[in-house]
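Got two chains here, separate frames each, mind docking them using the hints?
Protein chains in written order, with our numbering: chain R, 374 to 615; chain Z, 541 to 847.
Just so you know, the hints here were simulated from the structure itself, not pulled from any lab data.
Warning: the hint list may mix true and false statements.
What the hints assert, rightly or not - Label-pair ranges, simulated between beta-carbon atoms: (1) R:V403 - Z:E722: 55 to 63 Å; (2) R:M560 - Z:G561: 41 to 49 Å; (3) Z:R711 - R:V403: 27 to 35 Å; (4) R:L400 - Z:E712: 46 to 54 Å; (5) Z:R567 - R:M560: 54 to 62 Å; (6) Z:S676 - R:R381: 22 to 30 Å; (7) R:S529 - Z:R567: 25 to 33 Å; (8) R:R381 - Z:E722: 29 to 37 Å; (9) R:G538 - Z:Q604: 50 to 58 Å; (10) R:R391 - Z:R711: 35 to 43 Å.
To be verified - Interface residues of chain Z toward chain R, partial, derived using beta-carbon atoms under 8 Å: (11) R619; (12) P632; (13) G691.
Stated by the list, open to error - Keeping only pairs whose Cα atoms sit at most 25 Å apart, straight-line, the calculated SDA-like set for lysine to any residue is: (14) Z:K643 - R:Y468; (15) Z:K552 - Z:Q564; (16) Z:K552 - Z:D694; (17) Z:K674 - R:S529; (18) Z:K674 - R:G453; (19) Z:K651 - R:R464; (20) Z:K643 - R:T531; (21) Z:K643 - R:T467; (22) Z:K643 - R:V378; (23) Z:K643 - Z:R660; (24) Z:K552 - Z:G605; (25) Z:K643 - R:Y382; (26) Z:K637 - Z:G605; (27) Z:K643 - R:V474; (28) Z:K674 - R:R381; (29) Z:K637 - R:L478; (30) Z:K637 - R:S451; (31) Z:K552 - Z:D570; (32) Z:K637 - R:D449; (33) Z:K674 - R:T531; (34) Z:K651 - R:M458; (35) Z:K637 - R:T377; (36) Z:K637 - Z:D665; (37) Z:K552 - Z:A575; (38) Z:K637 - R:R464.
Note that CB positions come from ideal geometry on N, CA and C, so glycine has one too.
Now for the letters of each chain:
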Amino acid sequence: MSGTVHLRYEILRTLRNRTILAVTLALPLVLYYAVAPSNRHSLADGISFPLYFMAGMAAYGAMFAAVTPGAHIAADRSSGWTREMRITPLRPGTYFSAKVVTSYLIAIPTLVLLYLAGTTLGVRLDATQWLKMTGLLLLGLAPFVVLGIIIGHLASSTSLTPLVGGTVVIFSLLGGGFGDYFTGGVMQTIVRLLPSYWLVQAGKIARGGGGWPAEGWLVVAIWVIVLVPLAVLAYRRDTSRG
Amino acid sequence: MTVPQQSSIAIKATGLTKSYGSIQAVRGIDLTISAGESVALLGPNGAGKSTTIDMVFGLTRPDQGSVSIFGQSPAAAVRAGRIGGMLQTASPPDYLKVREMVKLVASYYPKSRPVDEVLRLTGADQFAGQRTTKLSGGQAQRARFAAALVGNPDLMLLDEPTAGIDVEGRREFWQAMRHFTESGRTIVFATHYLDEADAYADRIVLVARGQIVADGPATEIKARAGSRTIRATLPDVPEDVLRSLPGVVSAQRRGNAITLVCSDADTALNVFLTTFPAAQDFEVRGGSLEEALVELTGDKAAIGALR
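Isolated chain Z, as found in the complex (with noise of 0.2 Å):
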């Protein structure tokens, strides 16, 4: 049997699939994420993030599909305390402390960093003394954060860690995560804040109805989302021949109705106008950010998860 100490692959997830009773929450996710690399999972709730998440860790099984963390099982990652971060609604134990709380999560970790620089790192020194109960939600968020930060995992997995933070609380928390990506860790959070993603994320994985609907440097999810729409009447026309046309990103058909995501919505018009004479009802719709998304998500009730 070779376990690989190094593995340059921090999290290697193929065909996951989850559904809970008639609900399929996962629907065929394949990701592979290297060491380094930051990551956000973008999505409206309901998307699947932290069911994904949750199989990340192997805290849920997943119906089909396999996960695997530096090489090793997800349960052989966390006993080595290779892989940490905060889970979605969770919070402090109570009848602790807040140093107390970090102390206790530092125990568990072979390599846990300094309590008092962790808490100075993360600001929550300042409130270090109050019992967790006492906390206000940003408080505790950051409570929260200290304690996945003081294991020092090599691979840092948050679900929604700045839920219930105010804008300015964010703006703190991801300075405090920049000292730990700095140190050339794997960091992969969920959000369904944009901005968030696009500030604090080297590469966007977008994700919608249990599946990855876009993935790649925040930069070109960013030029998508600047793209126009052409919808049309055209039948009989396969999607993937739609797809190939220059220009275009994406195309989806809705009975006789097509949708084309693009890049370049000019060049793309005119080879479709030529290419495909039969085709009526034009519409060219630019380029709102949200509109984009929706185009990606393929979901109205994600624009305002979204925004």
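Okay, chain R solo, but in the shape it has when bound (with noise of 0.2 Å):
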């Protein structure tokens, strides 16, 4: 079986860079304990707020997390060694089902760690719906996968960090990762088409709604549709001489 031993020794590569793996495991939650301890006691959005700003940095640390990959895939273009594995039968499945597995293995660490901060500032929810909230985070962190793979392929090593960083930033903070600043008009409807919005609606499961409704599912599903065959493109192109 090819694809075991690609996907052991991409998971391997992955959790030896220790400071991408450092990085992303402590930003979310250093930013958890320096917010939610002093507001411990306040309300948002009609939840406690250890539990809504929880919600919030679990829906931006995991979309950091599913980015990571973007940046060892530049790292190995940059070297060179994309190119020298696109002369070998490496199926191209192989590769992106090794980049999504490895999304999602440091996409869901950070989710728990931020379960644990949250359980220290005593939120409290019952089983069902911490695996309602995650199976949700999960399914809405998909687009993000694709665009880490696509931001891998088309940035150089260099641009990568801002890319990345300005990304997840742009799309947390609309998505209202850090709060909600978007609650009613233009830029209300806008920002209901972006994934991270309903990432962060995940988050909030906990409030004792039932999920996302069709249009949640909608748009985190149109935008795998339109991520997917770019992300395509990108490997396809990305075999010139750096």
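The following block contains the structure:
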């Protein structure tokens, strides 16, 4: 099974890049503890602030984690390894699925750490709510996993960091990861078209809602449907000498 | 649809051209390489060697012309694991040890060689446990060579495989390569070292300015390289007439000045003088390797690179 060896080494390489891993896991946690404790007893959007902000940071942190493999792609491109892989029988399917798995592999512990942080500040949910929330977060991440691959194949290794950071921050801010600033008007209409909005909404399932309305599923699905062919195109075109 | 499984032609490239903007990197290359041959693409930097290799691998789409590998498209040959090698200026992937990298590449191929055997053969076993980022230039090349070898492809294309390796390292590299070619496999390598091409290739394809300027057995290219040149001033006689003179290998005209590269300068000069009494300003120059290469490649700047 060629795919399993490739996946195993992709995971190994991801885990060995300690800097990226540590920053990805720690950043949302640091932000959470910087903001949430002092607002521990206030309410936001009808729920306790620690829960509210946990949802936002979960969306932000998971997005950040999901696009991380883009950095590895850019590094492999600048070393020339991407091209050298192209003259082997490595299948594109194996390549892409390994990227998706490593994306989620970093995203999931990011979520778990934030959940734990939330519970230290009194966030309590029942098992179904945790599971539902996690399920929707993971689904809502799909567009960002693909976006990471696209950026990785388009950006140079020097332009990657600002591109990834900028993308994640813009999506987080507009989607409500740092607080709801767009509660009406045109901006609200626009914001509801972003996958990050639904990522944040997934976190708020704890409020007692039943998950996404059809609109949320549709938005996430459309983003995936549009981005996947772009990722394939970016990968295919990416064979020229750096 | 018929897909030939066995073809004795390893590479058939026809009419390849490729431009990048206003730069014509490859301007009409036709190349047929039989299975089992070992061929050097010799030429200075910028001659179009890498672009040609990229087109053979299917990484770069030619503007014109076509490539087939064992009767298949380059993409199909790559998918089937029949072709492998080393590209120019690549380095091993980071966050892996050398052995892991070779194992990884082995997993892609349908009939790969045992990893330990390849590590031993390439000398990469001495640093198999090291991270790829901790390797010297020569070690990195050897690790990549091990990765190229482990797939056991029928055709190996190496783009300046010994760049950055010292003389001793180069010798070891080619020793390991010999194990590969002895099993009847095809190897094509780009180099700008004449001695390397001479020592390790049966056939030398001399590339300059995006074209093939000479193609033949290493001995023949060397014989040409040991030739003399006649220069003279002679208007009106076309190049192909001059080229057909006995003892003349190639002829070139720049304005009224002509240059004849000769395999037998004595005969050529005798015939030349009797045939064209109008010729003036003779100069017979002899035979350094470098001068001959300059004549063949038509490129003075190449001389440094080819030394």
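Going through the hints against the structure:
Roughly 60 Å separates the CB atoms of R:V403 and Z:E722, a value that falls within the hinted 55 to 63 Å. The hinted window of 41 to 49 Å between R:M560 and Z:G561 holds, with their beta carbons roughly 43 Å apart. Between Z:R711 and R:V403 the C-beta distance comes to about 55 Å, which lies outside the given range of 27 to 35 Å. In this structure the supplied range 46 to 54 Å holds for R:L400 paired with Z:E712, their Cβ-Cβ distance being about 47 Å.
Our hint of 54 to 62 Å for Z:R567 and R:M560 holds, since their Cβ atoms are close to 56 Å apart. The hinted window of 22 to 30 Å between Z:S676 and R:R381 holds, with their beta carbons roughly 28 Å apart. Between R:S529 and Z:R567 the C-beta distance comes to about 30 Å, which sits within the given range of 25 to 33 Å. As the Cβ distance of R:R381 to Z:E722 is approximately 34 Å, the hint placing it in 29 to 37 Å holds.
Here the CB-CB span from R:G538 to Z:Q604 is close to 43 Å, at odds with the stated 50 to 58 Å. About 39 Å separates the C-beta atoms of R:R391 and Z:R711, a value consistent with the hinted range of 35 to 43 Å. For Z:R619, the suggested interface contact is upheld, since its CB lies about 5 Å from the closest CB of chain R, less than 8 Å. With a least beta-carbon distance of about 7 Å to chain R, the hint placing Z:P632 at the interface is held under the 8 Å criterion.
Nearest Cβ of chain R to the Cβ of Z:G691: about 6 Å, under the 8 Å cut. The hint holds. Annotation: proposed proximity of Z:K643 to R:Y468 holds, straight-line Cα distance about 16 Å (limit 25 Å). Simply put, Z:K552 and Z:Q564 have alpha-carbon atoms about 21 Å apart, close enough for the 25 Å limit, and the pair holds. With a CA separation close to 15 Å, the supplied pair Z:K552 and Z:D694 stays within the 25 Å bound.
For the hint pairing Z:K674 with R:S529, the CA-to-CA distance comes to about 23 Å; that is within 25 Å, so the pair holds. For the hint pairing Z:K674 with R:G453, the CA-to-CA distance comes to about 17 Å; that is within 25 Å, so the pair holds. For the suggested pair Z:K651 and R:R464, the alpha carbons sit about 16 Å apart, so the restraint of at most 25 Å is met. A distance of roughly 30 Å separates the Cα atoms of Z:K643 and R:T531; the hinted pair therefore is violated under the 25 Å criterion.
At most 25 Å may separate the alpha-carbon atoms for a hinted pair to count; Z:K643 and R:T467 meet this at roughly 16 Å. A distance of roughly 8 Å separates the Cα atoms of Z:K643 and R:V378; the hinted pair therefore holds under the 25 Å criterion. Restraint check for Z:K643 and Z:R660: satisfied, since their Cα atoms lie roughly 14 Å apart, inside the 25 Å limit. Using a Cα cut-off of 25 Å, the hinted pair Z:K552 and Z:G605 holds, with the two alpha carbons roughly 11 Å apart.
Annotation: proposed proximity of Z:K643 to R:Y382 holds, straight-line Cα distance about 10 Å (limit 25 Å). Between Z:K637 and Z:G605, the direct Cα distance comes to roughly 40 Å. Violation of the 25 Å bound is thereby established for this hinted pair. The hinted pair formed by Z:K643 and R:V474 meets the criterion: a straight-line CA distance of about 20 Å does not exceed 25 Å. Distance hint between Z:K674 and R:R381 is fulfilled; the C-alpha atoms sit about 22 Å from each other, no more than 25 Å.
Distance check on the hinted pair: Z:K637 and R:L478 sit about 22 Å apart at the alpha-carbon level, within 25 Å; holds. A threshold of 25 Å between alpha carbons decides the hint, and for Z:K637 with R:S451 the separation of about 19 Å falls inside it, so the pair holds. For the suggested pair Z:K552 and Z:D570, the alpha carbons sit about 8 Å apart, so the restraint of at most 25 Å is met. For the hint pairing Z:K637 with R:D449, the CA-to-CA distance comes to about 15 Å; that is within 25 Å, so the pair holds.
Between Z:K674 and R:T531 the alpha-carbon distance is near 22 Å, which keeps this suggested pair within the 25 Å criterion. Restraint check for Z:K651 and R:M458: satisfied, since their Cα atoms lie roughly 17 Å apart, inside the 25 Å limit. Note on Z:K637 and R:T377: the hinted pairing holds, with a Cα-Cα distance of about 18 Å set against a maximum of 25 Å. Distance check on the hinted pair: Z:K637 and Z:D665 sit about 11 Å apart at the alpha-carbon level, within 25 Å; holds.
Between Z:K552 and Z:A575, the direct Cα distance comes to roughly 11 Å. Compliance with the 25 Å bound is thereby established for this hinted pair. Pair hint Z:K637 plus R:R464 holds up; C-alpha atoms about 23 Å apart against a cutoff of 25 Å.
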